[in-house]
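Participant: Residues per chain are reported as follows:
There are 2 protein chains.
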Amino acid sequence: MNQTLTQAGYAAWLRYVRVEDECRREEYRTRCAEIVLATDLPLLQTAGEELARALEAMTGSAPRVREGDPPSGAHVLIGVIGSGQSEIEAAAGEGGNPGEDGFVIRSSGSGQSSCLVIAGATARGALYGTFHFIRLLQTGASLDHLRITEAPVNRLRMMNHWDNMDGSIERGYAGRSIFFRNNRIVEDLSRIRDYARLMASIGINAVAINNVNVHEEETKLIADAYLPDVASIAALFREYGIRLYLSISFAAPMAIGGLDTADPLSPSVRAWWAERAKAIYREIPDFGGFLVKADSEFRPGPFTYGRNHADGANMLAAALAPHGGQVIWRCFVYNCQQDWRDRKTDRARAAYDHFKPLDGKFADNVILQIKNGPIDFQVREPVSPLFGGMHATNQLLELQITQEYTGQQKHLCYLVPQWKEVFEFDTHAEGEGSTVARIASGFLYHRPVGGVAGVSNIGDDEAWTGHPLAQANLYGFGRLAWNPLLTAGQITQEWVQLTFGCDAETQRIIADMLLRSWRIYESYTAPLGVGFMVNPHNHYGPNVDGYEYDKWGTYHYADHYGIGVDRTLETGTGYTGQYHSPLREIYNSLETCPDELLLFFHHVPYTHELKSGKTVIQHIYDSRFEGADMAADLLDTWQSLRGKVDEACYTRVLERLAHQAEHAKEWRDVINTYFYRKTGIPDAKGRQIY
Amino acid sequence: MNQTLTQAGYAAWLRYVRVEDECRREEYRTRCAEIVLATDLPLLQTAGEELARALEAMTGSAPRVREGDPPSGAHVLIGVIGSGQSEIEAAAGEGGNPGEDGFVIRSSGSGQSSCLVIAGATARGALYGTFHFIRLLQTGASLDHLRITEAPVNRLRMMNHWDNMDGSIERGYAGRSIFFRNNRIVEDLSRIRDYARLMASIGINAVAINNVNVHEEETKLIADAYLPDVASIAALFREYGIRLYLSISFAAPMAIGGLDTADPLSPSVRAWWAERAKAIYREIPDFGGFLVKADSEFRPGPFTYGRNHADGANMLAAALAPHGGQVIWRCFVYNCQQDWRDRKTDRARAAYDHFKPLDGKFADNVILQIKNGPIDFQVREPVSPLFGGMHATNQLLELQITQEYTGQQKHLCYLVPQWKEVFEFDTHAEGEGSTVARIASGFLYHRPVGGVAGVSNIGDDEAWTGHPLAQANLYGFGRLAWNPLLTAGQITQEWVQLTFGCDAETQRIIADMLLRSWRIYESYTAPLGVGFMVNPHNHYGPNVDGYEYDKWGTYHYADHYGIGVDRTLETGTGYTGQYHSPLREIYNSLETCPDELLLFFHHVPYTHELKSGKTVIQHIYDSRFEGADMAADLLDTWQSLRGKVDEACYTRVLERLAHQAEHAKEWRDVINTYFYRKTGIPDAKGRQIY
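One line per chain: the protein sequences are W and G, in this order.
Take 1 as the starting number for the first sequence in my numbering and just add one per residue.
Take 1 as the starting number for the second sequence in my numbering and just add one per residue.
In isolation and in its complexed conformation, chain W is listed as follows (with noise of 0.2 Å):
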C-alpha cells in the first residue's frame, strides 16, 4: 500500500501486488518457474512476458520463459489449440474449443510435476486466457483442478476515443490526449503501449484512436503522410491483438481528395476510398476499418447527394471489403436545429425512423453503431427501440464510459448497473428473452459480427481517468463487452480487489459505494427520465432549463401545471410505438410507465401520483433531498476508508467526493427551487426551498 498515486493509479488493475500469504506465493513460484511458448507466434511472446513480470513482482523470481517442448518439471504451456501440440490439444479435448478469441484453462498434478495449461482458440484468446490466468493469480486461487473455459459473447469489443490532434479530447475529463499532440501524432509510444496492455487485459480487440467529429487535420490521418505513424501505433496494438481503427469524414475525397464530390455513387470517389484503402492496408496490413458519423451535427454525409445511409456505408464497406475492413457506421443521426416551439418533432424518433428502413440493406461488412439510448447518454433513458427494430442488419452497442451527462468524472457515477439493464432489456423483437445484449452479440439473427463500442474515459492522466474510481467503468465495459452476463456484483468485486487487493470490509465498502453510486447521481440530478437538465456546451449542471430553449431536440416543457414529453400514440410523437409488444404498451400506458421513466414517455401535472404514492413534485423534492444526503454519505463513507487505501488515491477521491457532496447540494437546490418557483406547491415536509 506503498505506491504513488502514479505508481498504483497508471497500473490499475495490473497492480501486480507481492502475494502475502507465504504458502501461497511458494505454490505460484514453483508451479509457474518454467512458462513454455508453444509456438513462436508475437503475441504468445507478449503473454508469457506478461506473465513472467506477473510472477516476478507477485512472487519475487522471476520464471524462465522460452519456446519449444514443455519440460517434465512444473510449467505453464502456453498455446494455440490446433497446432498440434498434444498438452495443448488433450486441454481442447477436455474444456472444448471455446472459439475465435476464447482459451481453456486446465491443470494437473502439483508440485514439481504441475502443469498448467493455456489454450487459445487463436493466438489473441491465449493471451485473453493468460490476463484471465494473472487475475486468479492477483486474487489468490489456488492453481488446483482449474477447469476454465471461456470465450467472448462479442465478437467486436471496441474502444472509441473522441481523440483530436490537437490533443484535445471531447468529452474527456482526463487530461489530454494519450495519442495526438500539437497536430501531430506522439513520438514517444510508450503511453500508448501501455494502454494497449490495460485494454487487452480485459478483452478489448478494436480502437478507433480519433474523434468520430473529424476536423480538418484528422482527416489527413488517412492520407499517405500520417500513414506510418498511424502504422506505428497499429503495430504495437498488433502485439495486444488489438485492431487500429479511424474516424474518417465523409467528405475526405473532397477535402484531401481534390474531387469535386463526395457523392457515394460516384466512380471518382468509389475509386478514390478504394485506392485509399488499398494505401491504408499496404501500411496496416490488419487495419480494423472506418467508423463514421455522417449527417449528424453538421457532419457530411452521403444526404448532401440526395443518397441515403446505406449507400453511403455501402460504398465505403466496398472499399474495404477486398482486405477484411469493416465500416461501423453510427446512427445518431437527428434534427440538431430543431425549433423548440416545435412538439412534432422528436429527437427520440430520429435514429429508428432513420436506419428502420434500411435494414437488411447494409453490406455484411458494415456495423450500425447504435447509442443504448434514443437521445444522448443521458443518467436515464429508455433503451433505443432501434435494438429491436433490425433483424437483417448488424448492431454494435454504444455505450460511453466517459462520464459527459453523469458527473464528468467529478462525481462518482459507476455505470455498469447501468449497462446491465441495457443489456438484458427485453425487445421482445422476438418474443421473450430477445434481450440487448443477444441482439448486439448478432446472436439472436445470427449475424455474421456484433458487439459492443464504448467511448473511452482515459486520458494522459496519471491515474488514466482523473477520478480513480472511474477506472471501475472502464474494467467493467470490458468485462461486459467480454460477457455481458457477468453481474454487476462479480464485476465490481473482481475489480475493487484487483485495485484495492485490501481486506474483505475496505472491499466491501468500496462495491457498495460503487455500486449505489450511479442511483444516487440520478436521484441528485434529473428526475423521472427527463434529461439535458445541463449547461449547455460543457454538459455539467445544474440548469434546469439549459436546453430548454434550444435547437437540440431536448426539452422537458415544464409550465405551471405539469412536465414531461408526450411520446404517446395518441396524444403525443408516437415514439412508443416504436417498441414491440408489449413494451408499447406499458410505455404508452401512465398506469404501467415506470416511475423512472414517466417523464420521458409523458407530459403529467406535478400532482400526478407515482407508483410509489408520491405525486411528481414531492418525488422531485424528496429525492433531490434525499439524493444530497446520499453524496455527502459517500464521503463520509470514504473518510472512513482513511488509512486503508493508497494514500494519494484516497486524497484524490476525496476531494472529487467533496466536491460531489456540495454540488449535490447546488442540484438539490437549484432543481428545487426551480418547481417550486413555477409550482407554487411546498415540500409536505417543509425543508428549505428558496
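If chains are identical, the list can't say which one is meant, so a pair holds when it fits in one copy or spans any two.
With a cut-off of at most 27 Å between alpha-carbon atoms, the simulated DSS-like pairs for lysine-lysine come out as follows:
hint: 1; residue 1: Lys665; residue 2: Lys344
hint: 2; residue 1: Lys665; residue 2: Lys551
hint: 3; residue 1: Lys344; residue 2: Lys685
hint: 4; residue 1: Lys685; residue 2: Lys614
hint: 5; residue 1: Lys611; residue 2: Lys685
hint: 6; residue 1: Lys278; residue 2: Lys220
hint: 7; residue 1: Lys410; residue 2: Lys420
hint: 8; residue 1: Lys410; residue 2: Lys665
hint: 9; residue 1: Lys685; residue 2: Lys665
Simulated from the structure, these hints should not be mistaken for lab results.
Here the structure of chain W is known, so what remains is to put chain G in place on it, guided by the hints.
Facilitator: Chain G alone, transformed into the frame defined by chain W:
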C-alpha cells in the same frame, strides 16, 4: 456613393466627399486656398495637414500650408491664444478665451480678402477647432460670419480598450485588437494613427490601450522591455493630442518586480512603483497614468493586505504625482461569489457601500471611475447612487460603447439616448439640478478633474465597429464627452450627415431608426428593469434563468406569483436608501417607482397594475410582441433605403437587421413562453405563446 465598405466604413465620419454645390465648393476653395500655422507646434502641423487633406478632397484643389504670418489674401490661420499673433488675439478678444482644450473660430471678409481664424486655447484646442471647422465644411455650411466659441465640459474624455496582448478583445464585437497581436505590440502603427485621428476629431484626449483585466503578459507592459513599444504608440497619440494610459495589475510588484508583497503601505512596494513611474516617464513624458481594476472579479488589490481602496489608489498616485500622472480607479467592486440563495447581499449596493465611506480620502490625482448603473451596463438600470454620494472625490462616468449587453453590434442599439438620460439624471445631492453631468465634470463640487470614459467598441474590422451603424455610438460618445448638453437629436443628425451625406429624407429615416433602437432593444429583451436574462459568459440572450442560479449577484427571483428584486428600505435590501430624497422615496414606493425600473426595485405579483394601466404579465407579453414587430420594421425601413446608401454598407446593415429581426422573435417567444409556463396566465390578446 461609390466607395466600397472598406473606404466608406473605414473613413467613418471623416469622409471628405467632394462638395456638390458648385458655388459652395468655389467658396471653400477660394477662402481656404492658404492655410497658415501661427507657430511650429506639432499639433498645429496635424491640424494643418488634416484641413488640407479635407479641402483637397472636398474642393479638388490642394491648399498651400505654411508656417508664419498670415498673408493679405484669403487664408485660414490656425494658432494658439496667447502666442501674441495679432489675428489670433483679436479673435480671442472677440470670442472670449474658451479655456483648456477650447477654441474660437471667427471669419471676416470674403473672397480674396477672407480671413478665417481658428484659435485654440491650447494647441490641442486648435486641433479640435480645426476638426470643428472641417465638420462645417462637410455639412456645407457657409463660412460667412462664423462666431464660434467652444470648450469641452469634461476635462478627461477617455477611451478604455479591453484589448489583450494575444489580440483578443474582451467584449469586443468588431474583430481583433488594433494595438496587439501574438503577445506583441503591432509593428505597423498606421491603423493606430487612423484611430487616433478619428478620436481627436471628436475630442478624445485619453486612451487606455489594454484591458482592465490585466493578465500575465499585459502586466509586463510597464516593464522596461515593453516600454519602448508603448512609447511609440504614445508618440503617435501625442500628434493627436491624446495621452496614453495603461491598465496595470495591482500585483505587479510581485508578478514582475520580484517582491514578495504588493501591500500598498510597504515601503519597498511604494519604492518599486515610484521607480516604475520614473522609468515610464523617461520613455513617455506625457504618460497619462494607470487605470486600475482592483479587488474586483478576482483581480488583485489592497484587500489582500487589509488595506482599503484609498490606500491602494493613493500609493499609486504618489508614484505618478511627481510626473503629472493620474490614477483612474474603478468602482466596479462587488462580491462575485455570492450564493444565489442569499437574498440579503445586493450587488447593486456594492459600489456605494465600498466607496462612499472613503469620500475625501483620495489624492487629488486619483479619479474614481464609476459605471453608469449599479449593476453592469444593462439595457435598463437606474443611475448609480455613488454619483450623488461623494462630494470630495474626483469622479469619472464609465459608459460602455461596446454593446456587451445591448446586442453585441449584431443588433442596432444606439445608446446616445440612454447616455443622455444618465447625464441628465438629477441626483439631488445638492438639491435640484445636481445632475450626473455636473458631478462627473467636477463642476458641482469644484473638483480639479472629472469626465467620461467609454469602453471602446472598435477592433480591426474594416468598418471599425462591426455593425456600420454602431459607429454612431462611438461618435456620439465623443460628442457627449465634449458636451453632455448636446441633444441626442443634434448628435444623431450630425453623425448621419457626416457618414451618409445623403438626401434629407434618407437622413431622417436613418436618424429615426437610430433614435428608436434602444427602446426597441429594451422592449423585446429583459422587461421592466430586470437584467441579465442572457447566457453566461457570452452575455448574448435570451436566457431568462441564465444568471438566476449563479454567483454573480444578478437575480430576478421570478416564481409562480411574482418577479423582481425587493430593494426597498422596509422589506428589501435597502438599496433605495443610497439615493437622496426625493429619489429614495420615489424608488422606494410602489406607487411612484417608474414602470421601466419597477422590477429593479420591487418584487411584485404578475397581476400588479403598472402606471400604463397594464398588468406586469400583460406588459411582458405586449412589449415582447411589439418589440419583435418593431425590430422587423427596422429591417423593412432599411430596405427602403436600397440604392440610397453605399451598397456594401447597405448589405452589411441589412444582414444584421435580418438577424436582429429573427433574434427578436426568439427573445419574444422565449421570454413569453417562460412567463406563460411559469404563471399560467394567458395573453389577453390570445397571441401565440408556446
